[in-house]
Structures are given as structure tokens and as C-alpha cells.
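A.B. asks: Model the full assembly from the supplied sequences, consistent with the hints where possible.
If you read the sequences in order, they're chains F and H.
Sequential numbering of the first sequence, starting at 1, is according to our numbering.
Sequential numbering of the second sequence, starting at 267, is according to our numbering.
One thing to keep in mind: the hints can contain errors.
[Stated by the list, open to error] If you want the footprint, here are the derived chain F segments under chain H, 3+ residues with CB under 8 Å: (1) 107–115; (2) 187–197.
[Said to hold, decoys possible] On the chain F side, residues computed to face chain H include the following (Cβ under 8 Å): (3) G129; (4) T137; (5) W184; (6) Q204; (7) P206.
Treat the hints as calculated values from the structure; they're not laboratory data.
For every residue, glycine included, the Cβ atom is placed at its ideal position computed from N, Cα and C.
There are 2 protein chains.
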Amino acid sequence: MPRAITAFSNPLVKQVRGLRDKKNRRRERLFMAEGLRILTEAREAGTLPRILFFGAGARHPLLDTLIEEIEAAGGETIETNSDILHKLSGKDNPQVVLGVYDEFASDLDLLDRSKADLWIVAQALRDPGNLGTILRTGDAVGAGGLILVDECVDPFSVEAVRASMGALFTQAIAAADWASFIAWLRADEGELIGTSLKADQDYQQPRYRRPAFILVGNEAQGLPPGYEAECDTLVKIPMLGKADSLNAAVATAVMAYEVVNQWRHG
Amino acid sequence: MPRAITAFSNPLVKQVRGLRDKKNRRRERLFMAEGLRILTEAREAGTLPRILFFGAGARHPLLDTLIEEIEAAGGETIETNSDILHKLSGKDNPQVVLGVYDEFASDLDLLDRSKADLWIVAQALRDPGNLGTILRTGDAVGAGGLILVDECVDPFSVEAVRASMGALFTQAIAAADWASFIAWLRADEGELIGTSLKADQDYQQPRYRRPAFILVGNEAQGLPPGYEAECDTLVKIPMLGKADSLNAAVATAVMAYEVVNQWRHG
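C.D. replies: In C-alpha cells, the structure reads:
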């Protein structure tokens with residue numbers, strides 16, 4: 001049975017609102033996701049929130065299912081008002097449902113490499129929207145997960161979760177420095193594919209093998225030269241206009257679809 | 267010779283700062299773009315700002331070139347400080363150069379269709395980052411421009427200009443309602459290509475003809491059924507995971523690269 005919270009001063013409201021800050025997320029190992037669509041994607045991927053906030057008067061069969069399952073699992077469900085939802089999410093038009101989840105980023109050694117033929121590796125990614133969009137694309141191309149190399153933006157930030165449209169819950173996430181990543185990668189099979197402005201080879205030229213690891217670099221700098229040198233295959237996506245690069249999430253998607261298209265066609 | 271402005275109360279500072287609001291941009295038919303890279307892309311595409319602000323102490327050969335060319339063209343160059351640049355751009359770490367440009371969106375009838383074989387058409391696009399990213403992709407695939415159908419986010423917003431990374435200046439932009447767009451489209455040759463979750467045909471199956479018009483729908487709703495029905499070719503991009511859609515800018519890029527890849531290979 002949901003309990004009601006309508007007071008701004010409620011300590012839980014204060015605690016959840018604090019999850020908009022990275023340092024609080026790290027300390028509490030919690031993050032928030034908003035919107036019935038994203039929470040339902042999470043549920044279908046097997047993840048329920050610890051705490052669910054929903055607006056009084058919100059009615060939807062998918063919301064009923066969420067509430068039932070969260071309560072059956074021992075989680076907390078809280079009916080509240082739009083002012084508090086606004087306070088929690090920081091948005092002018094807050095979603096009517098908001099969930100608080102356990103962080104689940106894991107160590108490279110805990111990733112199950114046999115789970116998928118395709119993995120995405122992002123290096124020093126700075127933009128949470130790009131990170132979320134890459135997770136969403138990862139799900140779409142059947143990737144197993146996203147490996148964050150070097151200092152990347154937090155995948156559990158509100159903006160990244162939102163941009164992932166729920167794919168955050170279907171993709172494994174691991175973080176590592178470059179040396180650890182390479183040691184882990186080389187301990188088993190896998191082709192490391194990088195895109196670079198300096199590559200001679202068109203991205204449609206190689207025949208990509210399984211498993212493939214697509215490496216995407218920082219938005220402004222691209223990949224450091226030493227990282228490019230470590231790639232098994234370095235290719236360029238043709239640029240037919242005046243610009244010399246694509247948005248990082250777009251480049252990842254164009255590259256990933258080329259790989260899976262080759263595999264789809266045999 | 268640049269003049270100096272260091273007073274917050276300067277009316278020009280107030281006017282330019284106001285360009286962050288759409289209603290001021292519309293009234294003054296001006297917009298702003300930030301960063302030496304984007305302003306240089308604009309210059310190389312043949313567009314100089316009416317007014318250039320740059321931080322005192324900023325030194326770069328490309329900035330010198332900009333200042334020279336703007337002054338030769340009768341524009342204004344203004345040396346200022348980082349507090350005022352912050353006030354103008356609204357960013358904590360403002361770029362050291364900022365230009366004020368004339369808006370250039372135009373009527374469909376002024377577009378030169380013979381200029382390119384590929385055009386991108388966005389319908390009811392809501393996110394300025396997506397719009398800018400689509401412009402950047404449009405440049406990369408050699409598109410002629412972007413046609414905005416129905417009520418779209420403003421392509422001259424600070425966020426859209428930033429996400430376009432200068433491609434705003436290489437792409438023609440036109441806005442129209444759906445009926446006017448279709449009348450214009452059908453007055454000449456052109457295949458209208460839409461992506462839809464409901465399509466049976468894989469996006470790699472058709473052989474795309476020139477000229478091609480790629481139609482992308484609203485982020486949340488996709489294309490209205492009547493708009494899909496008007497497409498000459500309706501295809502779906504395979505979704506191999508749990509999600510049922512891609513980010514709008516990503517879907518546009520995956521589709522556009524398929525079209526140009528077919529053309530590149532014969």
C-alpha cells in the first residue's frame with residue numbers, strides 16, 4: 001500500500017533530490033530514473049526501483065504493475081504531488097513517476113563476454129546526452145554493454161539516464177583505465193575497432209569478426225594516438241561535406257550498424 | 267580597429283544577451299554562435315558575423331583573420347572581458363569568441379534543389395541538440411540542407427547552433443507546413459524516404475534513387491500515419507535489442523549513410 005508524502009521537508013525527499021549530484025549518487029550508490037516508459041523498460045529488463053514516487057491521481061495499468069511488483073519485492077511506493085516531483089527531478093514538467101535504483105556499474109572482470117558479439121567502449125566521453133544515446137544505440141544493435149575508459153561522464157546522471165531511454169537497464173556497464181581495459185581485452189578474443197580522421201581505410205572495407213569492440217573517443221579530441229595504435233582495425237567514416245567529424249554518438253551508431261549489417265548479411 | 271566594451275550596462279551587451287530568447291531572435295532576425303572553431307567554419311562557408319565579441323588577451327591566427335575580414339566587410343569587432351562573455355553566452359566557461367549573425371532561414375521556393383542529391387526533412391523535432399546534430403550529419407553526408415516541417419525547435423537557438431558545430435552555416439534551412447512541403451516536393455523529382463517501426467522492409471533492401479529526401483519524425487511520436495503514407499519508401503532500421511527506437515539524430519544518420527553508401531558503391 002503506497003504511503004503519501006506531501007511535505008517538502010520530508011528527509012526522503014531531500015535525500016532523493018540530492019541524487020542529482022554525482023557525489024551523493026556515489027556515496028549512496030543510488031540513482032534516479034524518470035518516466036513510466038523508462039521505468040517499464042527497466043522492469044522488463046528485470047530491474048525494479050527501491051523506491052517509487054508517483055503523482056497522486058496518476059493512473060495507468062503499467063503503473064499498477066510497477067507498484068504491485070515493487071511492493072512484492074519489498075520496495076517502497078510513495079504517492080506524492082507534482083510540486084514534490086518537480087523538486088525531485090528539477091524539471092518544469094516533471095514525469096509523474098520517478099524511481100530510485102541501486103547503481104550497478106561493475107568491474108570489467110564481472111562482464112560476461114560470451115553474452116554478446118558486440119561491445120561499445122567509450123573513452124573520456126564528456127556529454128551525458130551522448131553517453132545515454134550510445135547506451136540506447138548499444139541496445140538497438142544488440143551490444144552486451146558499454147565499457148567506460150578513462151574519466152567519462154557519469155552514466156547514472158539524470159541526463160544520461162534520460163537519453164538512454166531505459167537502455168541503461170539492458171546494457172552492462174563497466175569502468176576501467178586504459179591499461180586495465182587492454183589487459184582484459186587481450187586476455188580473450190576480440191577485434192578492437194577504432195574510427196579516426198587519420199585512417200586510410202573506409203569503414204565499409206574490412207570484414208569485421210566476432211566479437212567486436214567498437215572504440216569511440218572524446219567528443220573534442222577523438223582518440224589519443226597511442227590508443228589508435230592499439231586498435232586492430234582503424235577506419236574512417238567518409239565525410240562528404242565541410243565538417244571533419246560526426247557527433248560521437250552518431251559516429252558510434254554508424255560504425256555499429258556497419259558491423260551488425262555485415263553479420264546480418266552473412 | 268576593435269572597440270572595447272567592459273560595462274555590463276552597455277546596451278549592445280543587453281541586446282546580444284537577449285538573443286538567447288527565441289522571441290528576441292525572431293524580432294531582430296539575429297542569432298549568436300560561440301567558439302573560434304564554429305566561427306571559422308562559418309567564415310569558410312562564406313558567412314561573417316555582423317558583430318564579433320572576443321576576450322581581451324585572446325590570441326590566435328584564426329581570430330586575427332576573423333577580425334580582419336569582419337572589419338573589411340563593415341562589421342563590428344569588440345574586445346571585452348570574460349565576465350561579459352559569460353553574461354552573453356550564459357555559460358560558466360564561455361568561449362573567448364562569440365559572433366552575432368543574421369538569420370538566414372528561407373522559404374522552400376528559394377532552395378536550390380539541384381545543389382545536392384540528398385536533403386533531410388525533420389518533422390516536429392523538439393530537441394535543439396538533435397536538430398544541431400542532424401545539421402552536422404547533413405553536412406557530413408553532403409546533404410543540401412534541412413527542411414523543418416510543422417512546429418520544430420528553433421535551429422538558431424544557442425544549443426542547436428552549438429550541436430551543429432558550424433554545420434548550420436553549410437546547410438540551407440527552410441521551414442514549411444506539411445502541405446506546402448509536399449506540394450513543393452512533388453513539383454519535381456525526389457524520393458521521400460521515411461523510417462517507421464511499422465514498416466516491413468529493411469532499410470538496406472531498397473535501391474535508393476537520386477535525389478533522396480530523408481524524413482525524420484518527432485522524437486516521441488515518430489511520423490504521423492498520414493505522413494508515412496505519403497512516403498515513396500518506408501523502411502525500418504533493425505532493432506536487435508529490447509528498445510523499439512533510436513534517438514532521432516542517430517536514426518537520421520544511420521539512414522543517410524545507407525543512402526550515400528549505396529551511391530558511393532555504384
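A.B. asks: Counting residues of the stretch 187–197 of chain F that have a beta-carbon nearer than 8 Å to any beta-carbon of chain H, does the count reach 3?
C.D. replies: violated (count 0)
A.B. asks: How does the coverage statement for the stretch 107–115 of chain F fare against chain H, requiring three or more residues with Cβ below 8 Å from a Cβ of that chain?
C.D. replies: Result for this restraint: violated, n = 0.
A.B. asks: Less than 8 Å between beta-carbons is the criterion; does F/Q204 satisfy it with respect to chain H?
C.D. replies: Status holds, d = 6 Å.
A.B. asks: Hint F/P206 vs chain H: min CB-CB distance below 8 Å?
C.D. replies: At 14 Å from the nearest chain H Cβ, F/P206 fails the 8 Å test, so the hint is violated.
A.B. asks: Is the interface hint satisfied for F/T137? The criterion is a beta-carbon contact with chain H at less than 8 Å.
C.D. replies: With Cβ-Cβ at 6 Å, under 8 Å, it holds.
A.B. asks: Are F/G129 and chain H close enough, Cβ to Cβ, to be under 8 Å, as the hint says?
C.D. replies: holds (6 Å)
A.B. asks: Hint check: is the beta carbon of F/W184 less than 8 Å from a beta carbon of chain H?
C.D. replies: With a closest approach of 23 Å, the F/W184 hint is violated.
Consistency note: the structure conflicts with the earlier hints numbered 1, 2, 5, 7.
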